[in-house]
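**Student:** Could you build the full structure based on these sequences and the hints that come with them?
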Amino acid sequence: MSKFDVTIDRHLYIGGSDCPTILGVNPFKERNQLLLEKARVLKDNFSGNDFTEYGKIIEPKIRNYVNKKLGLKFKETQTFDGPIRYNSDGDDRNNQILLEIKSTSM
Numbered sequence: 001m002s003k004f005d006v007t008i009d010r011h012l013y014i015g016g017s018d019c020p021t022i023l024g025v026n027p028f029k030e031r032n033q034l035l036l037e038k039a040r041v042l043k044d045n046f047s048g049n050d051f052t053e054y055g056k057i058i059e060p061k062i063r064n065y066v067n068k069k070l071g072l073k074f075k076e077t078q079t080f081d082g083p084i085r086y087n088s089d090g091d092d093r094n095n096q097i098l099l100e101i102k103s104t105s106m
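When you line the sequence shown up against the numbering used here, it's residues 1 to 106, in that order.
Honestly, the hints are just simulated from the structure, not real lab data. Don't take each hint at face value.
As the list claims (entries may be wrong) - Dumping the calculated EDC-like pairs for lysine to aspartate or glutamate here, alpha-carbon to alpha-carbon at most 20 angstroms:
(1) Lys56 x Glu100
(2) Lys56 x Glu76
(3) Lys73 x Asp92
(4) Lys73 x Glu59
(5) Lys75 x Glu59
To be verified - Between beta-carbon pairs, the in silico distance windows are:
(6) Glu30 x Ile8: 20 to 28 angstroms
(7) Phe51 x Arg31: 17 to 25 angstroms
(8) Ile8 x Lys69: 30 to 38 angstroms
(9) Gly48 x Asn95: 30 to 38 angstroms
Given the structure is predicted, the values throughout are model-derived calculations rather than measurements. The C-beta atom is built at its ideal place from N, Cα and C for all residues, glycine as well.
**Tutor:** Written as structure tokens, this is what we have:
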């Protein structure tokens, strides 16, 4: 499966990482800031931090644990097909299940 740049046209989509901001539980960004970034009034300068680096380390471990514990075959996937675009932490196509992992900053 070829990789694509998930940042292309990111302002056109609401992604899993936007959900905490939309729900008002993201201590790092206000809803209004997200709205202005999606409208391209403000530039999103976020390039990562300790928490995103932690997620890169822990998410594969969680995916492997879930696979072993539940007997599934989740694989990290990226899909861009017309209006459908996602980067999932796990896709088990045989069982038609998607896995989205969110690690905490706590």
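**Student:** Indicate, hint by hint, whether the structure satisfies it.
**Tutor:** Results for each hint:
no. : hint                              : in the structure
1   : Lys56 x Glu100                    : 13 angstroms, holds
2   : Lys56 x Glu76                     : 12 angstroms, holds
3   : Lys73 x Asp92                     : 5 angstroms, holds
4   : Lys73 x Glu59                     : 15 angstroms, holds
5   : Lys75 x Glu59                     : 11 angstroms, holds
6   : Glu30 x Ile8: 20 to 28 angstroms  : 25 angstroms, holds
7   : Phe51 x Arg31: 17 to 25 angstroms : 19 angstroms, holds
8   : Ile8 x Lys69: 30 to 38 angstroms  : 35 angstroms, holds
9   : Gly48 x Asn95: 30 to 38 angstroms : 32 angstroms, holds
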